[in-house]
Amino acid sequence: MPELELFDPHSFTKADWESLFRSLAADLDPWAFDLVELVGRFRSYVAGRDVEFAVPGRMVLASSVLLRMKSDWVRDGGPPPTVEEAAEELAAELAAEEAPVYIAPELRLPVRRIPRGRVTVGDLGRALRAALAAERRRPAANADLSPADLGFAVEEEPFIRRAQRLLKRLLTLVNGRRVVPFRAVAGGDPRDKVARLMELLHLDAEGKVRLFQEEFLGEILVEVPDGSQGPR
Amino acid sequence: MEAKALVEAALFVADRPLALAQLAKTLGLSEEAVGRLIQALADECAAPDRGVELIQEGGGYVLRVKGELAAAVRSLAPHQDIPEPTLRTLAVIAYHAPVRQSEVVKMRGQRAYGHIGDLIARGFVAAEAQGPTKVLTVTPALLSYFGVSSLEELRAQLGPIG
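These protein sequence lines are chains U and D, in that order. Using my numbering, the final residue of the first sequence is 232, and nothing's skipped along the way. Using my numbering, the final residue of the second sequence is 162, and nothing's skipped along the way.
There's no promise every hint is true.
Stated by the list, open to error - To give an idea of the interface, some chain U residues facing chain D are shown, with a C-beta separation under 7 Å as derived from the structure: (1) R113; (2) A131; (3) D192.
Hints listed in this document are in silico derivations from the structure and should not be mistaken for laboratory results. C-beta: ideal position from N, C-alpha, C; glycine also.
Based on the provided sequences and hints, a complete structural model is requested.
Below, the structure is given as structure tokens:
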């Protein structure tokens with residue numbers, strides 16, 4: 001059954017298209033690439049060979065025939081067609097089909113301008129109001145807000161003091177190895193965990209504790225040096 | 001190939017004003033020839049049944065929609081002729097002109113230096129050195145762009161700024 005050769009997938013990968021285009025474009029300037037020139041060369045290449053462009057179309061036709069046969073079988077509830085029956089029907093369809101070879105016309109890429117709208121006095125006035133509004137916002141964004149501006153008092157303990165308080169707490173928690181797991185001081189709230197971690201990182205940078213993990217993504221352990229050793 | 005058509009095509013496709021020398025070099029014509037062709041094209045475009053005009057702007061030539069038609073066709077050209085940040089800087093200069101460059105930068109931020117450079121290159125703003133800074137003012141080309149005869153007229157058309 002020679003018709004079945006049409007379905008050989010290897011027949012579609014025989015042509016080394018990369019080498020073909022490399023050879024066609026070898027002497028073209030990559031910084032001023034002339035697509036029209038490349039297309040012209042490809043058309044000359046195609047014109048000099050007996051290229052079978054109808055093959056992909058036949059694949060579509062073969063697929064549609066097989067799909068129709070399967071749908072017929074599903075509809076009628078009969079036995080599925082044999083491979084021989086399928087090949088015979090497909091060969092008959094292909095014999096009746098004479099796919100035309102279509103050669104595309106010469107490509108001419110249009111050169112079009114990017115339309116740019118002319119600015120009007122109205123646009124200029126709108127831009128002025130936007131610029132002045134942005135200018136007014138800028139100092140407001142940089143200003144420190146007082147409790148009167150906020151409407152409530154901000155009573156946040158300074159970061160350094162919180163870190164010192166955490167160190168004192170760690171010293172009361174140390175065991176014989178002078179190691180405390182992070183969870184012992186982390187707290188339950190995610191924001192508290194982040195705050196404690198920041199404080200510990202600060203203490204680590206100051207050399208007052210040492211943070212380490214025994215395994216990747218494992219528990220963070222806090223080593224608190226003996227008070228008699230002093231900071232590192 | 002018709003030389004006048006070449007000049008028209010070049011001005012049509014360009015996204016910025018084209019200098020005489022640049023046009024001559026690109027099209028392989030003498031500057032004198034290009035100058036004559038530009039004048040002929042400008043005269044043709046000036047006819048009332050034409051929608052575009054050919055004008056000189058910032059040391060170059062540009063083909064653009066006539067001012068009285070701009071609003072009617074604006075929605076078809078979503079890309080503004082002057083980028084929005086640069087337009088805001090231009091508006092500040094036009095409103096306060098003559099104004100020191102340092103004051104404009106204080107109002108618009110450090111990027112205003114680039115905007116001012118672009119506006120000077122387009123011929124919309126003129127700069128005059130004054131001590132460590134420059135004094136900026138608008139040019140007749142800008143007034144012509146907006147179709148007004150004076151800076152006062154331009155300011156009056158800007159509308160309320162409050």
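Here is what the structure says about each hint:
1. R113: Holds - the Cβ of R113 (chain U) comes within 7 Å of chain D, reaching about 5 Å at its closest.
2. A131: For A131 (chain U), the interface hint holds, since the closest Cβ of chain D sits about 4 Å away, which is under 7 Å.
3. D192: violated (39 Å)
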